[in-house]
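Novice: Chains as they are written, first to last, in the working numbering: chain A, 218 to 588; chain B, 1310 to 1477.
In short, the hints are calculated from the structure, not lab data.
Certain hints may be false.
What the hints assert, rightly or not - One-sided and incomplete, this derived list gives chain A residues near chain B with beta-carbon spacing under 10 Å:
id : residue
1  : Phe396
2  : Val424
3  : Asn428
4  : Ile432
5  : Leu435
6  : His483
7  : Gln492
8  : Leu499
9  : Asn501
10 : Lys508
11 : Leu543
What the hints assert, rightly or not - Listed next, the in silico EDC-like pairs over lysine to aspartate or glutamate satisfying Cα-Cα at most 20 Å (straight line):
id : chain 1 : residue 1 : chain 2 : residue 2
12 : A       : Lys546    : B       : Glu1433
13 : B       : Lys1437   : A       : Glu411
14 : B       : Lys1398   : A       : Asp398
15 : B       : Lys1459   : A       : Asp414
16 : B       : Lys1439   : A       : Glu504
17 : A       : Lys508    : B       : Glu1392
18 : A       : Lys485    : B       : Glu1392
19 : B       : Lys1475   : A       : Glu411
20 : A       : Lys508    : B       : Asp1450
21 : B       : Lys1397   : B       : Glu1457
22 : B       : Lys1459   : A       : Glu411
23 : A       : Lys350    : A       : Glu462
Glycine included, C-beta positions come from ideal geometry on N, C-alpha and C.
One letter stands for each residue in the lines below.
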Amino acid sequence: MASFERASPALKEILLRIYNAEKPIEVDHHLYEFGSVEYHIKSSVSEPQVTYLSISTPFLSQGVFLSYGLSPFTLKMVRQISTDVLHIVEPANDGYQLTLRLDFSKLPHNKESLNIITEVSSVQAVILSSQLKEMLQNVNSGDSSQGMYKPIKLIYHPKEPFYVIRQPQKIVAVFPMRFKDNSDVIIATSFFQELIDVVSLKKWAKVPPCNWSPIPPLELRGEPFEDLSTNGGFVSFDISSHHVEGKRLDKIVWSLLNFYAYVKHHVKCTRGFIQRRMRRGLDNLIEVLEKSRVEDGQIKKVQGWKKMRKMVASKSKMIKRRWGDLGKKIKRIRFRIKIHGFARFRRRWLKMPSFSSSTGYTKLQTNGNNN
Amino acid sequence: MASTLRLYLTCIRNTLEAAMCLQNFPCQEVERHNKPEVELKTSPELLLNPVLICRNEAEKCLIETSINSIRISLKVKQADELENILAKKFLRFLSMRAEAFQVLRRKPVQGYDISFLITNYHCEELQKQKLIDFIVQFMEDIDKEISELKMSVSTRGRLVATEFLKQF
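One chain only, chain A, in its complex shape (with noise of 0.2 Å):
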């Protein structure tokens, strides 16, 4: 099962340093992750328990909020990570969306303080995840004077948007799926096709309808062609007030937001899947084909020749044949390292010896006399 943390896994191991360091260190650390999201962290001696966490990240949505930076709501959501141990910083440092203080002398002092950390380091995940809360919280309270929603195009994996829109009752999360390769479209294809039979079951009635559409839903007609031309088709989910309820908020925006990672992870993985099934089919296969080897001394059983197996009794011309047989084998094998002198080596001394034969005859030497 692909496990997708929210923690950023070097933002956690830097934090965790500082606060298990021995004696206080002077850290002025930046950290890049996916080509977008910055993280400047800062801890100087003076303040030994106090470390500076500034976060550069692009938003899900760059046209609702980047004229207002993080919205209230967002900064809501920051706060509850740990309203001891983190606050925030106003204003940001330059360049940055937000700067908060941790304060590692409020972290308790058992494991408890690890899930703390973990959970700051997670700080990227819920700014963005805030946003689509937000959206999705929001259902029921669509401006249904409006007959269409223009949809909202959100970025969360860099040159992969995916759609959300708004509707009566529900809100519609649309997927434009692409792949680089013909077969990894043919493989999530066949795994949509599951997903929507699997979705269609009376046990999943309380998850999210699921369906897939080769050309885009209606609702993106009007968007630009290059965020429309896909080779996977469109994917799309309609969430319902009763979808975003309580905690299963959370986990139905932390799953769409990793519904690309998820998968592009699974056809990864089947790809690796059907190469390890065809190195079994090989060897399955070459198994056969050994089995059909002339082993060296069977006798060839070909039909027509029992009688001949009979008269072949005698010892002498059982060796001859065996040495006719490894005879052939030399001859044939191709020697590939040429060793200069050794083709007369072999003629010398790997000849085939020549047995006398029973019924054959000694000419005798004729001293010119016959008597």
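Assemble the complex: chain A is given as a structure, and chain B must be docked to it using the hints.
Specialist: Relative to the frame of chain A, chain B by itself:
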């Protein structure tokens, strides 16, 4: 369905038994060269009529024979796109490892998915009956492998979809 497969395989087996009568025949055009005549096709008198055995439009077997070699080309059934890519991947995988099979051709004949080239030397090293058994068994096993692969991929997809939905 199984009966048509049996008939198809029996027909191929009988044809191979008749066609696989190979003998050593040096090249007529170049001295001291010994080439499989079925590949070169320079001397028509050394070639026999090719035999095409079709199970249906999608599955067929072409057997081309010459005095010292025989070429068997197979077209495997591919019912949908998934079977298409699985068959293509698997047969390409086997072709790239042709040295392990000895009798397998690295590149299939145009219009077919996989090809074998059997020469008189192979018939001397390997038993003819078992070689024919191998070809027929290969055809059965390929179909079985591709069907199993397809089923495994679908089952995996279903399991992964189930796990994904558990998160909601």
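Novice: If a hint holds in the structure, say so; if it does not, say that too.
Specialist: Verification of the hints:
| no. | hint | verdict |
| --- | --- | --- |
| 1 | Phe396 | violated (12 Å) |
| 2 | Val424 | holds (4 Å) |
| 3 | Asn428 | violated (14 Å) |
| 4 | Ile432 | violated (18 Å) |
| 5 | Leu435 | violated (25 Å) |
| 6 | His483 | holds (5 Å) |
| 7 | Gln492 | holds (8 Å) |
| 8 | Leu499 | holds (6 Å) |
| 9 | Asn501 | holds (7 Å) |
| 10 | Lys508 | holds (6 Å) |
| 11 | Leu543 | violated (14 Å) |
| 12 | A/Lys546 with B/Glu1433 | holds (10 Å) |
| 13 | B/Lys1437 with A/Glu411 | violated (46 Å) |
| 14 | B/Lys1398 with A/Asp398 | holds (13 Å) |
| 15 | B/Lys1459 with A/Asp414 | holds (17 Å) |
| 16 | B/Lys1439 with A/Glu504 | holds (12 Å) |
| 17 | A/Lys508 with B/Glu1392 | violated (30 Å) |
| 18 | A/Lys485 with B/Glu1392 | holds (18 Å) |
| 19 | B/Lys1475 with A/Glu411 | holds (15 Å) |
| 20 | A/Lys508 with B/Asp1450 | holds (16 Å) |
| 21 | B/Lys1397 with B/Glu1457 | holds (15 Å) |
| 22 | B/Lys1459 with A/Glu411 | holds (13 Å) |
| 23 | A/Lys350 with A/Glu462 | holds (11 Å) |
The earlier numbered hints that this structure contradicts are 1, 3, 4, 5, 11, 13 and 17.
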